[in-house]
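Chain by chain, the residues run as shown.
2 protein chains.
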Amino acid sequence: MLRSCASRLRTPGALRGRLGGAPPPARDSRPPPRSFSSEVIYVDHSLPNPSWSKDMRLLFDQFMKKTEDGSWKRLPSHKSVSPQRTEEVKTFFPDAKPIKEHMSQAQLFPRSLEEGLGFEYAMFHNHVENRTVCIFQGGPYLQGVPGFLHGGAIATMIDSTVGMCAVLAEGVVMTANLNINFRRPIPLCSVVVINSQLDKVEGRKLFVSCNVRSVDEKTLYSEATSLFVKLDPKKSLT
Amino acid sequence: MLRSCASRLRTPGALRGRLGGAPPPARDSRPPPRSFSSEVIYVDHSLPNPSWSKDMRLLFDQFMKKTEDGSWKRLPSHKSVSPQRTEEVKTFFPDAKPIKEHMSQAQLFPRSLEEGLGFEYAMFHNHVENRTVCIFQGGPYLQGVPGFLHGGAIATMIDSTVGMCAVLAEGVVMTANLNINFRRPIPLCSVVVINSQLDKVEGRKLFVSCNVRSVDEKTLYSEATSLFVKLDPKKSLT
Chain A
0 MLRSCASRLR TPGALRGRLG GAPPPARDSR PPPRSFSSEV IYVDHSLPNP SWSKDMRLLF
60 DQFMKKTEDG SWKRLPSHKS VSPQRTEEVK TFFPDAKPIK EHMSQAQLFP RSLEEGLGFE
120 YAMFHNHVEN RTVCIFQGGP YLQGVPGFLH GGAIATMIDS TVGMCAVLAE GVVMTANLNI
180 NFRRPIPLCS VVVINSQLDK VEGRKLFVSC NVRSVDEKTL YSEATSLFVK LDPKKSLT
Chain B
0 MLRSCASRLR TPGALRGRLG GAPPPARDSR PPPRSFSSEV IYVDHSLPNP SWSKDMRLLF
60 DQFMKKTEDG SWKRLPSHKS VSPQRTEEVK TFFPDAKPIK EHMSQAQLFP RSLEEGLGFE
120 YAMFHNHVEN RTVCIFQGGP YLQGVPGFLH GGAIATMIDS TVGMCAVLAE GVVMTANLNI
180 NFRRPIPLCS VVVINSQLDK VEGRKLFVSC NVRSVDEKTL YSEATSLFVK LDPKKSLT
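Residue numbers (numbering that gives the first Met the number 0), protein chains in the order written: chain A, 0 to 237; chain B, 0 to 237.
These aren't lab readings, by the way, just hints derived from the structure by calculation.
The reader is advised that the hints may include incorrect statements.
No copy is singled out in the list; a pair is fine if it fits within one copy or between any two copies.
Said to hold, decoys possible - Derived DMTMM-like pairs: lysine to aspartate or glutamate, alpha-carbon spacing no greater than 25 Å straight-line:
#: 1; residue 1: 78; residue 2: 114
#: 2; residue 1: 204; residue 2: 215
#: 3; residue 1: 199; residue 2: 215
#: 4; residue 1: 53; residue 2: 67
#: 5; residue 1: 199; residue 2: 54
#: 6; residue 1: 217; residue 2: 60
#: 7; residue 1: 199; residue 2: 60
#: 8; residue 1: 78; residue 2: 113
#: 9; residue 1: 65; residue 2: 201
#: 10; residue 1: 229; residue 2: 113
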């Protein structure tokens, strides 16, 4: 049953009305205050900051150039989600029980490490081609084998990118499967490009694939396929 | 070619001589100092701390009980790796180029978030049965969909557990494939049990599977298969 082989819900709510192609302002170079105020958690983190390497900035500028004719859009990214989105989730999981006492501290996993130490990334989407690209610089706190990224960190950015590709194509979806082939280790603090593509839609099933390459595209680090299931907002899953 | 379909190296070096079944001391309840001194990075983080829930402590005690007859061993876990292990990695990737300027900050990804906010876990291994079990409490900074764990956080702990199972069975290995079926979302801050098992060894290939269940074992959250490739210490990969 589709309902039982699905896992995680993705909604387009957080992106609604916030996609834009205008050149963004650079983020403040001062370290962010350690606070959970709405001022901090709704900061757009997919903008350049002082921890970004030259490669990361060059790639960002290249993709921003592509947004100028409207074919590509930069996707904003925040640490937290709006209360409205939390309500959307309840529609699909009325019987699931998040543990409420910790919810005030909740943060989006790929944005939970401090600037420069974890996941630095920005995503761009081409709606006509159903493609989402993520430029990703993995910081020193993402280590697995000494000097290289942990497989879980790679999986996290792959999952985030293919998930974004699926939700922007078809609305509310859940990940059912993620299948990753690791080809070569990714050096810590280097920059890679994750290219994802919606391959086909069969009924409520969406098939999205991606590859992870070096900036010069010569090195293939990983490849992945994924399956998402589109949800019917009128039907709960439990 | 096996060499090109492998990805990440895992060595038993970090565990050598450090497996022990004696009841461990509880970790200090004070927050750790924000320092990179060896004193801090070589702390064993797979011991109870004040952020652990009642479920997590009960499970830990149950598995510690199983270590008393020597059939199970608790696996220690640290934020950083020894210089000796870094040298081991160079044997296999002489041409790979970690970016050295950041290496002093490097930390093991699943241990890089502060106590209680990210990955709280402890692993136990049964050498006769080739099984590794991970008890895992996913903190509020691991959020994906509001109220639930991010798929990347689940993938990270699955990867860590099956990887540990493979390395303890056959020595130095690399992950070639990780294939995860997500069945149900995992509530943020709940405790789950990841059960991994070495299924078969074919030449240099190791097949390890696992499932992720609730503490009462009634809910199956995820299932995964993985492929590892055993390395020959005398042969480099590049």
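To see whether the hints hold, each was checked on the structure:
1. In this homomeric assembly, residue 78 and residue 114 come within 25 Å of each other (Cα to Cα) both inside a single copy, at 12 Å, and across copies, at 19 Å.
2. Taking the closest pair of Cα atoms, residue 204 and residue 215 never come within 25 Å of each other, the shortest separation being 33 Å inside a single copy and 31 Å across copies.
3. Taking CA atoms no more than 25 Å apart as the test, residue 199 paired with residue 215 passes in neither setting, with 28 Å inside one copy and 38 Å between copies.
4. Within a single copy, residue 53 and residue 67 get their C-alpha atoms as close as 22 Å, which meets the 25 Å cut-off; across copies the closest is 54 Å, which misses it.
5. Taking the shortest Cα distances, residue 199 and residue 54 never come within 25 Å of each other, neither inside one copy (32 Å) nor across copies (42 Å).
6. Taking the closest pair of Cα atoms, residue 217 and residue 60 come within 25 Å of each other only inside a single copy of the chain (20 Å); across copies the shortest separation is 50 Å, beyond that limit.
7. In this homomeric assembly, residue 199 and residue 60 never come within 25 Å of each other (Cα to Cα): the closest approach is 30 Å inside a single copy and 48 Å across copies.
8. For the identical chains of this complex, residue 78 and residue 113 are neighbours both inside a copy (11 Å) and across copies (16 Å), given an alpha-carbon limit of 25 Å.
9. When the C-alpha separation of residue 65 and residue 201 is checked against a cutoff of 25 Å, the pair qualifies neither within a copy, at 30 Å, nor between copies, at 48 Å.
10. Taking CA atoms no more than 25 Å apart as the test, residue 229 paired with residue 113 passes in neither setting, with 33 Å inside one copy and 35 Å between copies.
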